[in-house]
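Q: For reference, the chains in residue letters:
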Amino acid sequence: MRKFNKDIIFGLYDDETDLISAVRIAKGAHLDIYDVYSPFPVHGLDPVLGLAESRLHIAGFIYGMLGTLTAFLGMTWIFTKDWPIIFGGKPYWSVPAFIPITFELTVLFASIGMTVTYFVINGQGPGVVNPVLHDRITDDKFCIAFDMHHVDESSAKSFFEKTGATLIDKKKI
Amino acid sequence: MSATVSPIREPLIEGGKSYHDITVDLVRSTEKAPTRLWWIAFLISVHVLLFGVFCILWTIWHGIGTWDLNRTIGWGWDITNFVWWIGIGHAGTLISAILLLFRQKWRTGVNRAAEAMTIFAVMCAGLFPVIHMGRVWMAFFIFPYPNTRGSLWPNFNSPLLWDVFAISTYLTVSLLFWYSGLVPDFATIRDRATGLRKRIYNFLSFGWTGSAKHWQRFEALSLVLAGLATPLVLSVHTIVSFDFATSVIPGWHTTIFPPYFVAGAVFSGFAMVLTLMLITRKVLKLEQYITIGHIESMNKIILVTGTIVGVAYLTELFISWYSGYIYEQFAFFNRALGPYYWSYFGMMFCNVVSPQLFWSRKIRRSLWWTFLMSIFINIGMWFERFVIIATTLARDYLPSSWSYYVPTWVEIGIFIGTLGLFFTLYLLFTRVAPVVAVAEVKAILKSAGDQYLAPNTEHHEEIMKQYKDAEDKGKVYGSDHAHSESH
Chain A
1 MRKFNKDIIF GLYDDETDLI SAVRIAKGAH LDIYDVYSPF PVHGLDPVLG LAESRLHIAG
61 FIYGMLGTLT AFLGMTWIFT KDWPIIFGGK PYWSVPAFIP ITFELTVLFA SIGMTVTYFV
121 INGQGPGVVN PVLHDRITDD KFCIAFDMHH VDESSAKSFF EKTGATLIDK KKI
Chain B
1 MSATVSPIRE PLIEGGKSYH DITVDLVRST EKAPTRLWWI AFLISVHVLL FGVFCILWTI
61 WHGIGTWDLN RTIGWGWDIT NFVWWIGIGH AGTLISAILL LFRQKWRTGV NRAAEAMTIF
121 AVMCAGLFPV IHMGRVWMAF FIFPYPNTRG SLWPNFNSPL LWDVFAISTY LTVSLLFWYS
181 GLVPDFATIR DRATGLRKRI YNFLSFGWTG SAKHWQRFEA LSLVLAGLAT PLVLSVHTIV
241 SFDFATSVIP GWHTTIFPPY FVAGAVFSGF AMVLTLMLIT RKVLKLEQYI TIGHIESMNK
301 IILVTGTIVG VAYLTELFIS WYSGYIYEQF AFFNRALGPY YWSYFGMMFC NVVSPQLFWS
361 RKIRRSLWWT FLMSIFINIG MWFERFVIIA TTLARDYLPS SWSYYVPTWV EIGIFIGTLG
421 LFFTLYLLFT RVAPVVAVAE VKAILKSAGD QYLAPNTEHH EEIMKQYKDA EDKGKVYGSD
481 HAHSESH
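Those protein sequences? They're chains A and B, same order as listed.
Those letters in the first sequence? Residues 1 to 173, by the working numbering.
Those letters in the second sequence? Residues 1 to 487, by the working numbering.
By construction, these hints were calculated from the structure, which means they are not laboratory data.
Misleading hints may appear alongside valid ones.
Unchecked claim - Partner residues aside, some chain B positions facing chain A, computed with beta carbon under 10 angstroms: (1) K32; (2) P34; (3) R36; (4) L37; (5) V173; (6) R217; (7) S401.
As the list claims (entries may be wrong) - Below, in silico cross-link-like pairs of lysine-lysine (PhoX-like), each with a Cα-Cα straight-line distance of 25 angstroms or less: (8) B:K213 <-> A:K171; (9) A:K170 <-> A:K6; (10) B:K282 <-> A:K172; (11) A:K27 <-> B:K198; (12) B:K300 <-> B:K282.
No residue lacks a Cβ here, since even glycine has one placed at the ideal position from N, Cα and C.
Start from the sequences, fold in the hints, and give me the full structure.
A: Okay, structure coming up:
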C-alpha cells in the first residue's frame, strides 16, 4: 500500500512563460519547491530551477564500454582459447572481423543499460502507480508544487495568487 | 517565450492550435470506437497475415523445396524480401535519430509513426532469414551460448552472423527508443481515461508524472539513444550489404555496396513512410500536423537518396567496364540484357528516373504525385534487391549450371503475408497509441505553430516590400553593388 505522507499544495499555470517566471520568483523568495510538472520538456526551466545536468550519459558510456569488452574479449577467448578454428586461412585472432559484433554489442549494452537506469532512477516501470496531482498536467497545464511541511500554506497561496496561477489546490500524496 | 524563428519557415502546425487542442486531436484516434473503414482494413490485413502463416507452415512441413530454388539460384524471394523490409525500417530511425541530432523540427510530426513502421518492418525482415534456414527449430544455433556440442560456437567472422547481431540490436534499440518516447503520451491518455482504460494506460505509462527532473532525463536519454541509433542504422545495412560484398560472386563483390545499400534503404524507407502517412493523415484527419511542408521535406530526402542510388548504379556499370575483369563485365551485361532484363529496367525506371520528377516544387507538394511515386519507389527498390540477388546468381561461372527462377505460390504467399503482418500491426498501433508524438509536437508549438509564425511572416513581407521599393528607386547600395559586380 502506498503511504500518504506528504501534504502538497500546488498551482497550475496556463503557459510555460508564466511557469518560468513563477519559478524564478519562488527561488528569489527562497520558497522550497517540491517539484515542477509540465506536459512537455520546457526549455530554460532547468537552470532556473537549479537542476544539475543529468549524468545518465555517463552511465551510458560505462554500459557501452562493458558491451565492447564483453564482445571483444568474449570472441577473443572463444577463438583463441576455447575452440580455435581456422576460417579461410585467416588467423585465429582476426581482429577486423570482430569489429562489427563489438560495435553492435556496445550499442546494445549502452541502450538497454541506459533505458533501464532511466526508468529505475525515475521510479517508473510497468504497473507503477505514481501520484498524479492534476489530470491536466499531462495535457496543457504547468504545475508548481510545494510540500506544506516546508512551505506554509498561506505563503504558498499568496505566491500562487501573485504569480498568476489559474488553479490552486491541495492533495495528500 | 516566443522563440526566434526564420520568417520564411513554413508553419509545422496549422489551425492556430492550443496545447489542449493538440492533446484532443492527437489522442482522439485511441479514444473513439474503430470506424468501419478501420475494421475492413484490419480484417483484410489479418486474413492476408493468416495466409502468410499458412504458407510458412507449408514451407516448414514440406521443406524449402517448395520454393523452387535450385543449385544455381540459392537465394530468391526470401532474401530479396529480407533486404527490402530491413531497408524500409531505416527511414524510421533516420527520422527519429538523425533528424533529432540535426534538430529538424518537422520530424515531430512523423517520427512516432515512422518508428513504429521501423519496428514492424524489422519484424517482417527478421522472419525471412529464420525460415530460409529450412529447419527453423534449429534457429537458436545462430546464437552463441554454451552448448552440449563441446561448446561449439558460431562463426564470428561471418557476415551472416554479424547480421544476427546487427538486426537483433537494431530491433531492440528501436523498440527502446520508441517506447521511452511513448511513455509520456500514454500518461496523457491515462489522465483523460476512466475505468479499465485508465488502468491499462497506467500500466503502459510506467507511472509517468511529468516532473521536471524526469523530463530532463528524458531528453538526455533520447539524445544519447539518437546518437547511438545513428551509427547503428548505418551499420545495419552496411552489414546486410556485407552478406553480398564479402562473397566472391561477380556483381556482389564490390566495395560500393555499403553506402549504396544505406542510401537505398533510406530511399525505400521514406517511400513507405509516405505511403503510410498520406493515408493515415487523411483517415485520422491529421492534415494540420502532417502538413504539405512535411511531405515536401520527405520528398526532398527521396530526391537526394534516389539520386545517390542512381549514381551508385552508374558507378557500378562504369567500374565493371573499367576493371577489365570479364566476369564482372558479364555480370552487369547480363543484369541489363539477360533473361531478367525487365527487372533491371523496372528498377532503373522506378528508382532513378521517376524520383527526378521531384525537382519540381509543384510535384513535391502534390499529394497524388507523392503517393504514386511512393508506390513506384517501393516497387523499384524491391526490384533492386531482386536484380542483385536472383539475376546475379542465375548466370554463374559455369554455363552448364545456368538457370532461371520463378517463385512459387508459397514464396509469394509468404511475402504477401508479411505485408499483412505489417499492416495488422500498424493498424493496431493507430488504435493504441497516438500516431503523432503528442508531447514533442507541443514542445515545438511556440516556434512552429502558424499563429506564432504569422506575425513574423508579415513582418518579413513588409521588410521585403520596403527593400524592394527602395531598390526600385535605386536607393540600396547593396543592390547597385551587386549589379556592377555581375558585369
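Q: Does each hint hold? Answer for all of them.
A: Status of the hints after comparison with the structure:
no. : hint              : in the structure
1   : K32               : 18 angstroms, violated
2   : P34               : 24 angstroms, violated
3   : R36               : 30 angstroms, violated
4   : L37               : 28 angstroms, violated
5   : V173              : 5 angstroms, holds
6   : R217              : 5 angstroms, holds
7   : S401              : 23 angstroms, violated
8   : B:K213 <-> A:K171 : 21 angstroms, holds
9   : A:K170 <-> A:K6   : 10 angstroms, holds
10  : B:K282 <-> A:K172 : 45 angstroms, violated
11  : A:K27 <-> B:K198  : 36 angstroms, violated
12  : B:K300 <-> B:K282 : 21 angstroms, holds
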